[in-house]
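Novice: Using the hints, put the two standalone chains together into the complex.
Each protein sequence line maps, in turn, to chains A and B.
As numbered in our numbering, residues 8 to 143 make up the first sequence, in order.
As numbered in our numbering, residues 3 to 511 make up the second sequence, in order.
Bear in mind the hints are in silico, worked out from the structure with no lab data behind them.
Keep in mind that this is a model prediction, so the values were computed, not measured.
Hints may contain errors.
Incomplete in silico selection of chain B near chain A, CB under 8 Å [stated by the list, open to error]:
1. 25
2. 35
3. 381
4. 383
For each label pair, taking beta carbons as the anchor points, the in silico distance ranges come out as [stated by the list, open to error]:
5. B:435 to A:113: 55 to 63 Å
6. B:178 to A:24: 40 to 48 Å
7. B:143 to A:128: 27 to 35 Å
Among the chain B residues that face chain A by a calculated CB cut under 8 Å, a handful are [to be verified]:
8. 28
9. 29
10. 31
11. 32
12. 36
Glycine residues also receive a C-beta, built at the ideal position from the N, C-alpha and C atoms.
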Amino acid sequence: MNDWIAIGALALVGLLIPLGMMAVSFLLRPSVPETSKRATYESGEVPTGGTRIRFNIQYYMVALLFLVFDIETVLLFPWAVVYQDALAAEEYGIVHALGPMIAFVVILLIGFAWAWRTGAVQWARTPEQVEAGADR
Amino acid sequence: MAVLELPQWTALAPALVFVATALALFVIDSINPHTRNRSLLAGTTAVGALAALGVTVWFMLAGVGTPTAEGGLGVVELFGGQFVVDQMTLFFTTVVSIVTALVAVASYDYMADHTYQSEYYSLIMLAATGMAAMAAANSLVTVFIALELASLPSYALVAILKDNRGSVEAGLKYFLIGALSSAIFLYGISLVYGATGHLQLEAIADNLDGADAYGGLLGLGILMLIGGFAYKTASVPFHFWAPEAYEGAPAPISAFLSSASKAAGFVIAFRVFTTAFPVEATTAVIGIDWTTAFVVLAIVTMTLGNFAAATQDNVKRMLAYSSIGHAGYALIGLAGLSADGGELVMGAAMMHLFVYGFMNTGAFLFVALAEYWGVGRTFEDYNGLARQAPVACAALGIFMFSLAGIPPLGGFWSKYILFTETIGAAGTNGAMLVVAAALVVNSALSLYYYSRLVKAVWIEDPIGERDALAQPIGLYAAIVVAAVLTVVALPAFGPIADAAQQAAAVAIG
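So here's chain B without its partners, still in its complex pose (with noise of 0.2 Å):
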C-alpha cells in the first residue's frame, strides 16, 4: 500500500471526496438544470460517501495516522497543525460516510416527488464534508469553520420541505438557536485567545501557563467552548432544538443530523478538550476541574433526555429525546478524563457513538419508511405494522433493542463497557459512581419506551383498515443494511473496540 509516496494533504481525501462529490451534482445540475433523475443524483451520492468511506478505511488498514511506534505511518499534521489526521480522524469519519451513504440511499424514496433534488443531494455532501472537516480540524479556527460548514446545509436541509409548516418552522428554530450557539462559542473562542494567545490547539496547551493572570476569562472561554459543542451534540443545555428540528425535518435529515452531526459534534468537543485544556495543567490556571461540568450535564442531560422521551406519544419525537439521552452517555467520555483511565472510558464513549451511528439511523429510517407510507405519527398508527412488513418490523425490533441496550446486540455490548469503565474510574473520581448509577437507571427506563415502540408493532391490533403497504427499495436496503450492521457490529465488535480505545489513548497521550 503505496500511501507513503503519497503527498502530504491527500491525508485529507475522505474530505476532497465529499467536495468532489458535491461539485459533481452540481455539475450534473448544471448539464440538465432542475433534473428529476433521482437514480442519478442519489446515486452519485451514495458512491461519493462510499468512495469516502473506501479510502478512509483503506487509510486505517494502511496506518496512517498510527503512531511510527506502533507500526503506522505517523499521525499526519497539515498546514501548520490546522489540522490533524489521526486514528480519531478516520474513526468518526467512518461513522459520518457511513451514515451519509445510508441517507443518500434512503432519500431516493422518501424524497421521490420533492422538486429540488439537486439541490437536496449536494446540500448533504457539503454537510458531510463540514462533519469529516470537523474530525479533522486541529484548531480553534477550522473548529468553527468546519462546524459553520456542517451547519449552514443543515439549516437549509431541516427546512427543504418548503410548503411544509412544521419543516419551515423546524428550520427556523434550528437556525435561530444555531446562531445563538455559534456566537457563544466564537466568543468563547474569543475569550482563550485572548488568555493564551494562540488558536491551534497544542499551542493553547503549551501555553496556558502563561495564561495565569488570565484564569477567570480562559474560565469563561472554556464554558462557551462547552456551550457550542453542546448545541452541536444536542446536549444540555443546547438541546431544545432537536426535538422541534428533528420532527419537522425530512426524516433522512433527522437520521443525518442525530447520527453524523452528533458524532462530530463529539469529535470536536474530544479533541479540543483533550489536546488543548490537558486536565491538570488547566486546573491550575482556572481553579476548577472542567470534567465536573462534564459530569453534571453528562447526568443531566442523559435523565432529562430519557425522562422527556418516556412521556412522548409521537414517534420521531420519542427518537429525538432518546437521542439526547444518548448524547448524555457520550458525554461521559469527557466526564471521566480527569480519573486514571480517563481514555478507556472515552474510546468507551467513541465505541457507543459508533455502533448508535447505525442503530439511530436505522430507527429514524424505520420512521422515514412509515411517513412514506402515510400510516401517521404516534405509538398507536403504528399498530400491528408486522402483519404487513414483517421484515421492517424486524429491523425496528433489532435497533429498538439495540438502544435499550438488551444482550446479545451491539448497543449493549458499548452500554456495558462504556459502564464497565466508568467504574473502574471511579476509583480516583467518585463522582463517577453516581455517572454509572445513573448510566444503568436510564437504561431501564429507556427499555420502557423503546419496548413500548416494538409492542405497538408488533402485538398489538391496527386501529383501522390499512391499504396494502408499498415497499420502496431504497428505503428498504438502508434499513436493512443499517439492521445488518447493527448485527454485524457484534462479532466485529473487537477490531472496533480496539480501534476506538487506541484512538483515545493517542489522543489523550
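Looking at chain A on its own, in the form it has when it is part of the complex (with noise of 0.2 Å):
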C-alpha cells in the first residue's frame, strides 16, 4: 500500500472532526438571536479608542534585547553539547574549544552593559524627567 493513502486518510479524518463536531451542534443548539451577540467581545467588553495605538519605545527595546539573548542561547546550546568532545579532541584545546565562546559572549555583555547604563531598560519616563534631559 501506497505510505500517501495513509497521510490522505488522516488528513480527511482531521477534516472531517471539526466539520462534524460544527454540524451536530447546528443541529442540537437552541436559536436566541440578540444584539450583544454582536459585540466585538462577547464577554461585554465594549471596545474604546481606535486599532492604532503608538506602543511605547520600551516595547520594543525590550524585545531587541529579549532578541539578542534568544539567539545566544541558540549559538550557546549546540556549543555546549559538543564541547566536551571538543575537549577531549586531540586538534582542539580548551583555548579553540572556550576562547570563541568567552570572546562572543564578552562583546554581548560590552553591549549589555552599554544599553543598560545608557537607560535602555529604564523604565518610561515622566513628560518632567523627558523635559529635564531633552535632546535635539
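Specialist: If you want it as C-alpha cells, here you go:
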C-alpha cells in the first residue's frame, strides 16, 4: 500500500472531525438571537478608541534585548553539546573550544552593559523627566 | 617583519581593529553615559581607523596576500575559505580606513551640538567593520552578512538628525530600498545555491558545469546578484536612493557612503564575479555573457548620473549624481572582463575607485563645511566663498578638477588609464569601444558642472553680505588632508597602479 494513502486518510479525518462537530452543534443548539452577540467581545467588554495604538518605545527596546539573548542561547546550546568532545579531541585545546565563546559573550556583555547604562531598560519616564534630559 | 609567526586569523586584523574600536566606544559611553566629550570619541574613532590603516599597510608591505610565487607570504584563506585575505582585500581596506579616518575627524565639528555623540561614532565604526569584512568575504553567506553589517548602521547614520525632516525621510527611503534590494540579493543567492549546490565562491566556480540543467535558474540568480551589487554601489537600476540619502544625511555621512560604502560594494562585485562566475564557464551554462549586462549598466549609469548632475541647482545633489556617474566608470572594470586584458581594465577601475575615495570624500566634506557655516545649499549660495575662505576653496578646486579628470591631477590619470585599457580591450570585444566613447563624452560633460561650482566659488560675487566664516579645525584638517592626498596620489601613482593591477591579476588568475 502506498504510504500516501495513510496520510490522505489522516488529512480526511482531520478535516471531518471539526466539520462534524460544527454540524452536530448546529443541529443541537437552541436559537436565541440577541444583539449583544454581535459585539466585538462577547464577554461584554465595550471596545474603546481606535485600533492604531502607538506602543511605547520601551516595548521595542525590551524586545530587541530579548532577541539578542534568544540568539545567544541558540548559539550556546549546540556549543555546550559538543564542548566535552572538543576538549577531548586532540586537535582542539581549551583555547579553541572556550576562547571564541568567551569572546562572543564578552562582546554581548559590553553591548548589554552599554544598553543598561544608557537607559534602554529604564522604565518609561514622566514628561518632566523627559523635559530635564531634552535632546534635539 | 614577523608576520609568519602570527596565527592565521590575525590576517583579518583590520576588521578586528574596527570592531575593537567600536567596542571601546561602547565602553566609554557605558562609563560615562551620554558623554559629550567629542575629542575623546572622535579621537578614539580616528585612532582606530588609522590603526586599521597602519595594519593594512604593514600587511601590504610585508607581503600578506601576495602570492608566494611573487615573493609574498601567500593568500590567506580562513574558516574553510569563507574569508580570504589577498591584495584586493588589503587594497580596498586601505580605502575604507582612510575615508573612515577623514570622516571621523570632520564629524568632530560637524556634529558638534548633536546629542547622541557616542552612538554616531560607534555606528561609523560598525559600518566600517562591515565594509572591511566585505573586502575579505569569499562566500555568498559572508558577503551577505558583511553587506548587512555595513548597511544597517548606514540607515541609522543617514537618519541620525532625528528632528530634521530631510534626514529622517532620507533614512526611510534608504532603508526601504535597501530592504528591497537585500531581499532580491538573497533570492539570487538561493537560486545560485539551488543551481550549483554551493555558497563558497571557488566551489561555485568548480560546480558550474554540474548546473547545466539549471542554466535559466543560474542566469536569473546572477541577474538578481547584480541587483544587490547595483544597490550597494549606487548604480542603475538601484541608484535612486542615492540623491535622496546623500542630500538628507549629515554631509560627512554622505562622504562616507559615497566613497567607502561604494568601494566596498565594488569589491564584493569584483570578487563574486571574478571568482565564482568565470566568464567562459558561466557563458557555457547560462548561454549569455554576463559582461554584456555590465556593458549596458556602465553606459546607462554614467550617462544618467552625469546628465542628471548637470541639471542640479543643489550642490549636494549634484555631487550625489556625480557619484552615480563615477559608479558607472568603475563598472567598466566588470564590463571588460570577457576581453583579453580584462584584468588590466579591472585594475584601472580599482585605481579609479582609490583616487575617487579621496577626491569625493573631500568634495562632500567641503559641503559639510558650507553647511557648518550655514551659507545655503545651491550654487548661488556658494558664490564668492573664496574671498572669505581661500584655503578650503583651493582644496575644492582640486577636488572638482580631479573629479572632472583635468591633468595633472590624480583623477585624470585614473580615468586616462581606464580609457586606454578599455580601448586596449576593444580589440577582442567591440562593445568596449562604445564604453570608451561614453567615458570620454561623459567626462567632457562632467567638466561643465564641476567647473560651474568652481566658478561660483572663485569668480562670482556673493549675493548678499555674509558674516565672517569660522574655521573649524577638524573639518579644515580633513579637507586639507583629502586635498593633499588627491595631489600626492600623483607621484605615488606608480605603486598604487601596481598594487591595483597585481590585485586584479591575482583575483582573476
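Novice: Can you let me know if the beta-carbon spacing of residue 178 of chain B and residue 24 of chain A is within 40 to 48 Å?
Specialist: At roughly 45 Å between Cβ atoms, residue 24 of chain A and residue 178 of chain B fall inside 40 to 48 Å, so the hint holds.
Novice: Does residue 31 of chain B pass the interface hint, meaning its C-beta sits closer than 8 Å to a C-beta of chain A?
Specialist: Residue 31 of chain B check passes; min Cβ-Cβ to chain A is 6 Å, inside 8 Å.
Novice: So, residue 32 of chain B near chain A? Judge it on the closest CB pair being under 8 Å.
Specialist: holds (4 Å)
Novice: Close enough to count: is the Cβ of residue 383 of chain B nearer than 8 Å to one in chain A?
Specialist: violated (24 Å)
Novice: May I ask you to test the hint 27 to 35 Å on the CB atoms belonging to residue 143 of chain B and residue 128 of chain A?
Specialist: holds (33 Å)
Novice: When the nearest CB of chain A is found for residue 35 of chain B, is that gap smaller than 8 Å?
Specialist: holds (5 Å)
Novice: Does the Cβ distance between residue 435 of chain B and residue 113 of chain A fall inside 55 to 63 Å?
Specialist: holds (57 Å)
Novice: Does the interface hint hold: is residue 29 of chain B within less than 8 Å of chain A, judged Cβ to Cβ?
Specialist: Residue 29 of chain B check passes; min Cβ-Cβ to chain A is 6 Å, inside 8 Å.
Novice: Tell me if the interface restraint on residue 36 of chain B is satisfied: Cβ within less than 8 Å of some Cβ in chain A.
Specialist: Constraint on residue 36 of chain B satisfied, holds at 7 Å.
Novice: With chain A as the partner, please determine if residue 28 of chain B meets the hint condition of a C-beta pair closer than 8 Å.
Specialist: Holds. Min distance 4 Å.
Novice: Should the hint that residue 381 of chain B touches chain A count as held when the rule is a Cβ pair under 8 Å?
Specialist: It is violated, given that the least Cβ distance between residue 381 of chain B and chain A is near 29 Å, above 8 Å.
Novice: Next item in the hint list is residue 25 of chain B. Is there a CB on chain A closer than 8 Å to its CB?
Specialist: At about 5 Å, which falls below the 8 Å cut-off, the nearest Cβ of chain A leaves the hint on residue 25 of chain B intact, so it holds.
Hints 3 and 4 from the list above are not met by this structure, while the remaining hints are.
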